[in-house]
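Peer 1: Here is how the chains run, residue by residue.
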Amino acid sequence: MKLYERLMTIDRRIIYGILLAVVMLPLIFPSVVKVTPMSPVEKLFTAVDNTTDDKALILDCSYSPQIKAEVEPMAIAVLRHAFKTRKKVLVLSLYVEMIGLATRAINQVVEEFNATAQTYEDSIIYGRDYVFLGWQPPPIVPMLGMGESISNIYVVDYYGNETDTLQMMERIRNYNDISILVALSGSRIPISWVAYAQNRYGLAVGVGCTAVSGADFYPYYQTGQFTGLMVGMKGAAEYEELVEANYAVKGRRIASEAMLSLTYAHLAIMLFIVIGNIGFFLHRRKK
Amino acid sequence: MKKTIPLTLIFIAGLLGVISFVIPHPSYQVYDEWIRNDLLRVLSAFAVVLALGSLLRVHFDKIRRKRKNWQFSWLLLVAFGASAIIGLFGGVAADGILPTTIGSFPFDIQTLYENIVIPLASSMFALLAFFMASAAYRAFRVRSMEATLLLGAAFIVMIGVLPLGYSISQHLPGFVQWILNVPNVAGQRGIVFGIALGVVATSLKIILGIERAWLGGGE
Chain C
6 MKLYERLMTI
16 DRRIIYGILL
26 AVVMLPLIFP
36 SVVKVTPMSP
46 VEKLFTAVDN
56 TTDDKALILD
66 CSYSPQIKAE
76 VEPMAIAVLR
86 HAFKTRKKVL
96 VLSLYVEMIG
106 LATRAINQVV
116 EEFNATAQTY
126 EDSIIYGRDY
136 VFLGWQPPPI
146 VPMLGMGESI
156 SNIYVVDYYG
166 NETDTLQMME
176 RIRNYNDISI
186 LVALSGSRIP
196 ISWVAYAQNR
206 YGLAVGVGCT
216 AVSGADFYPY
226 YQTGQFTGLM
236 VGMKGAAEYE
246 ELVEANYAVK
256 GRRIASEAML
266 SLTYAHLAIM
276 LFIVIGNIGF
286 FLHRRKK
Chain E
1411 MKKTIPLTLI
1421 FIAGLLGVIS
1431 FVIPHPSYQV
1441 YDEWIRNDLL
1451 RVLSAFAVVL
1461 ALGSLLRVHF
1471 DKIRRKRKNW
1481 QFSWLLLVAF
1491 GASAIIGLFG
1501 GVAADGILPT
1511 TIGSFPFDIQ
1521 TLYENIVIPL
1531 ASSMFALLAF
1541 FMASAAYRAF
1551 RVRSMEATLL
1561 LGAAFIVMIG
1571 VLPLGYSISQ
1581 HLPGFVQWIL
1591 NVPNVAGQRG
1601 IVFGIALGVV
1611 ATSLKIILGI
1621 ERAWLGGGE
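The listed protein sequences correspond, in order, to chains C and E.
Using the working numbering, read the first sequence as starting at 6 and increasing by one per residue.
Using the working numbering, read the second sequence as starting at 1411 and increasing by one per residue.
Hints in this document: simulated from the structure, not taken from any laboratory.
A hint or two may mislead.
If you only want the chain C side, here are some residues facing chain E, beta carbon under 8 Å, derived [unchecked claim]: (1) Ile15; (2) Thr41; (3) Met43; (4) Pro143; (5) Ile145; (6) Tyr163; (7) Asp221; (8) Tyr223; (9) Gly256.
Computed beta-carbon distance windows for the label pairs [said to hold, decoys possible]: (10) Gly132(C) <-> Arg1451(E): 23 to 31 Å; (11) Pro1509(E) <-> Asn112(C): 28 to 36 Å; (12) Arg193(C) <-> Leu1465(E): 53 to 61 Å; (13) Glu167(C) <-> Val1428(E): 31 to 39 Å; (14) Leu276(C) <-> Ala1423(E): 26 to 34 Å; (15) Asp1448(E) <-> Arg193(C): 20 to 28 Å; (16) Gly1513(E) <-> Arg17(C): 42 to 50 Å; (17) Gly1513(E) <-> Thr228(C): 54 to 62 Å; (18) Trp1480(E) <-> Glu116(C): 43 to 51 Å; (19) Phe1585(E) <-> Tyr131(C): 31 to 39 Å; (20) Phe1470(E) <-> Arg18(C): 37 to 45 Å.
Positions of the beta carbon are idealized from the N, C-alpha and C atoms, including for glycine.
Let the sequences and hints guide you as you build the complete structure.
Peer 2: Next up, the structure:
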């Protein structure tokens, strides 16, 4: 077999094996890689940070298990930021299959904070600091309906409590009392938030999305319809960096730990593309 | 009649949906609120029941006729039944009438979701990286000027979004942001305009009864 043929026909098992090794090794021996936050993530961080005491932020956890690796660290980072700075948080999911992931993220961060809390005031209390609204189909109903009344749409929360009876909800009635909605999703849900909730009620929308859908969202970020944008694992790592740098919140930084895997995986894929093209050039020259 | 009623309904529903965005008068908004918050929710509840019924019918039928891979339909039905019973009677926070632990082994809906659904779905999606790497190696060839530009931009973005990009040059991440913010947005915006016009045209055709494929039943 000639050299160019060898270069162009590497066995796919070799490619899979090398990719597996470069992804797994940094995960087996994790280390946090420092990242430099870029402007889209900084803007989102600032918008969450600027939530005043009389307002709340909504976290829409509409991400499925398939994209959990990329988007769950975003949910955890935003919740850590919000709880550390004592922002009131409303959590919801627009689809039922995502409820479990939202529950998981909330439980993890609440446990982290309450494990170190000394007093009742320090603790993160359900109903006082956050409310889990759950799921209300179809998505257009909460998107538009919360503009008029949140408790009319979510009459009871995920755990069956009457939303109106919760302490936090006394002052949070509709989008006028919401500083920003952070939509975490791998689909076009954030665009629907803009189309319905922002156009009609002026709700500020921030986004956390997968790397593949990031390019689709830049037009909305450029126009200011998205206040800020976290794209992929790197976006999550940048938000983690901002939370730790500004508020010294300690906790496992999953996205930052995965940066090495991501780096090596990108380099491996690029290397394979280069090898394939060298073979292609040699073959073309031969012809 | 079979076609006239659905066509009339879609015409009225479509028109009401559009009008609500252009008539901000409170009296109409109250009516619009009722349509969205009450009627739409009732309709979607029916849709869920219909979808579940349809799913069960398809799989029962597959088992009865012993169609290809009919055994997997049993798996679906058992998983469906088990999760429905545990979800309905076990409660969302394991606080229902059905006990959701055997000794120290929990099987409430959240535990099942975290230990079965999440790993299965994540694993399936993770395989994509391997296929993408293999496909990129085999298919990404610099055959033309356009392909060269695409490859060049892809390499710059792939490196620039990594922490490595900042180490190579402090300006590289900024350049990547420029690629995403300017050339990418220019292309994306053109596509979005095209899609939006297509959606408007298709919606109008459906509302006015010109497009009838959604009614089903072929001719």
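Peer 1: Going back to the hint list, which numbers does this structure go against?
Peer 2: 9, 11, 12, 14, 19
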